[in-house]
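**Q** For the record, the sequence lines run as chains S and Y.
Following our numbering from start to finish, the first sequence increments by one per residue and tops out at 453.
Following our numbering from start to finish, the second sequence increments by one per residue and tops out at 60.
Zero decoy hints are in this set.
Here are some of the chain S residues that sit facing chain Y, going by a computed Cβ distance under 8 Å:
#1 136
#2 362
#3 363
#4 452
Now the stretches of chain Y that chain S is said to cover, found in silico as 3 or more residues with beta-carbon under 8 Å:
#5 3-10
#6 38-51
Partial list, derived from the structure: chain Y residues whose beta carbon lies under 8 Å from chain S:
#7 15
#8 20
#9 27
#10 29
#11 31
#12 32
#13 33
#14 34
In case anyone wonders, no lab produced these hints; they're calculated from the structure.
The structure presented is a predicted model; accordingly, all values stated were derived computationally and were not measured.
Idealized CB from N, CA, C, for every residue including glycine.
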Amino acid sequence: MAKDKLTDYDATASNNTDVGGISVAEGMLPSGVNNAIREQMSHLKDFASGTTGIDVLSLADDDASHSIKLQAPSAVTADTTFTLPDGDGTADQVLKTDGSGQLGFADRHSNPSLIINGAFSIFQRGTGATTVSGNDIFAADRFKGWANGGGTYTVEQSTDVPNNEFEFSAKLTNTATDGSVAAGDFYAYATDIEGYNVSQLAYGHSDAKAVTLSFWVKSSLAGTYCIALYSTTANRSHIKEYTISSANTWEKKTITISSGDTTGSWNRTNGNGLRIYWDLGSGSTYQASADTWLASQDFSTTNQAAWIGSASATFFITGIKLEVGSTATDFQHSSYGDELAKCQRYYQEIGHYRHLAQGARWTTNQVFVTYNLASNMRATPSATATGVPSLSRYDNGQSADATSLVTVGGVEENTTKAANITIIWASGYDPTASLHYVYSNTNGDKVALDAEL
Amino acid sequence: MNEINITSAQYTLDPEGNNFGITAIINGITMGVPLDPANRHYAEILRQVAAGELTIADAD
Numbered sequence: 001m002a003k004d005k006l007t008d009y010d011a012t013a014s015n016n017t018d019v020g021g022i023s024v025a026e027g028m029l030p031s032g033v034n035n036a037i038r039e040q041m042s043h044l045k046d047f048a049s050g051t052t053g054i055d056v057l058s059l060a061d062d063d064a065s066h067s068i069k070l071q072a073p074s075a076v077t078a079d080t081t082f083t084l085p086d087g088d089g090t091a092d093q094v095l096k097t098d099g100s101g102q103l104g105f106a107d108r109h110s111n112p113s114l115i116i117n118g119a120f121s122i123f124q125r126g127t128g129a130t131t132v133s134g135n136d137i138f139a140a141d142r143f144k145g146w147a148n149g150g151g152t153y154t155v156e157q158s159t160d161v162p163n164n165e166f167e168f169s170a171k172l173t174n175t176a177t178d179g180s181v182a183a184g185d186f187y188a189y190a191t192d193i194e195g196y197n198v199s200q201l202a203y204g205h206s207d208a209k210a211v212t213l214s215f216w217v218k219s220s221l222a223g224t225y226c227i228a229l230y231s232t233t234a235n236r237s238h239i240k241e242y243t244i245s246s247a248n249t250w251e252k253k254t255i256t257i258s259s260g261d262t263t264g265s266w267n268r269t270n271g272n273g274l275r276i277y278w279d280l281g282s283g284s285t286y287q288a289s290a291d292t293w294l295a296s297q298d299f300s301t302t303n304q305a306a307w308i309g310s311a312s313a314t315f316f317i318t319g320i321k322l323e324v325g326s327t328a329t330d331f332q333h334s335s336y337g338d339e340l341a342k343c344q345r346y347y348q349e350i351g352h353y354r355h356l357a358q359g360a361r362w363t364t365n366q367v368f369v370t371y372n373l374a375s376n377m378r379a380t381p382s383a384t385a386t387g388v389p390s391l392s393r394y395d396n397g398q399s400a401d402a403t404s405l406v407t408v409g410g411v412e413e414n415t416t417k418a419a420n421i422t423i424i425w426a427s428g429y430d431p432t433a434s435l436h437y438v439y440s441n442t443n444g445d446k447v448a449l450d451a452e453l
Numbered sequence: 001m002n003e004i005n006i007t008s009a010q011y012t013l014d015p016e017g018n019n020f021g022i023t024a025i026i027n028g029i030t031m032g033v034p035l036d037p038a039n040r041h042y043a044e045i046l047r048q049v050a051a052g053e054l055t056i057a058d059a060d
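Hey, can you work out the whole structure from these sequences and the hints?
**A** Here it is in structure tokens:
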């Protein structure tokens, strides 16, 4: 076969008996030497100009022991030319095409976050300091704290932020130290993610995915800290340590759990799909080894800093993002309205002033009222009256008799679009008329509806 | 570990005399709790009842 281009050449020298049909075999004509060289130069020119190609481009390392190869697909349907950009991009940029073969550097698209209110813009319950003493205490939406062992801390919205990209953070302040933490003492801050929102992780299945958690943190106490992933339904946890290197300095932490959990029954619907703990110095009952999946509720190692034992210690956190995969991408900021609506799936408040609801007499000390919810809730909410809303009867005009609200009673189940609630008060007032209003003249009075995880 | 502190729980009735919900004191706050297993307060009430740590009183 005539050797008409580089890819026709043979790796065995003796098989190369011609160049473009010009014999270079033993006994070749002397005139064939210069003709063969000229023909070979034309082959090189065709290669240089891209007229003819090669199968693979091999870039060997220094000792030629290994190489990196660039190769076209086995079947190319149309000629394609990629033109590289001039110069390098900036850190973390990626190559992209304009669709016509011109390549350029561009910022990566950020992955969506599985966490709601990671920038702590939403504090529906109030932005001031809320004391965490006991279990299951909410301040920022979607985040709750535990302080179970004598120590306490507060949570409040703060404008102390790592950079101008963020407006708020959550500030935790140690308000009562526990310098002698017992085994079962429990100090942590956490967010729960609904099963629907983490089903894509395929936890509990053989193809469970890696996740990456990133966040900004600042503490008055430097040292080793722990986060943990935890499933309340599967009772599975995975602890990771991180280091706060310098006190009172914002630091960004990126933590990848490269192996998803293939075990257990993880909630994939409207239950608790995944909890993320930030430990604050819990007891040994909740300590275990890091970097492995555990069949227990553990969220700390023995290396965890004793934050709860440090008087007046502070812990700021913001920009929390949990994403699928092993790479952290930039934090995505959604609009305030979108973030609020997401939070109201779990918690919303009605009222603050004047008419909170209207309803009908139920029994001698109960009125049945219906609140139309701002958005569908995750589950039928629990209801709490804050302040002292009152009950007023309306016949032909406002009745004189009104009474202070005693409590919110039962909530009818399976009503995630509207909350049907009984309002109960002390005896001595029989609301005989059929139409009643729950009202308040005091700012801050409200009915809170809670469908948190 | 109890993740929620519940100090009392009592059923409330609808006009037909059926249990409608529960009035409970949770973390020191009086709260109306629906009989919805997906509600975390009701789920925790059921868990503590099963563990013998809590009793739901009949309605008045």
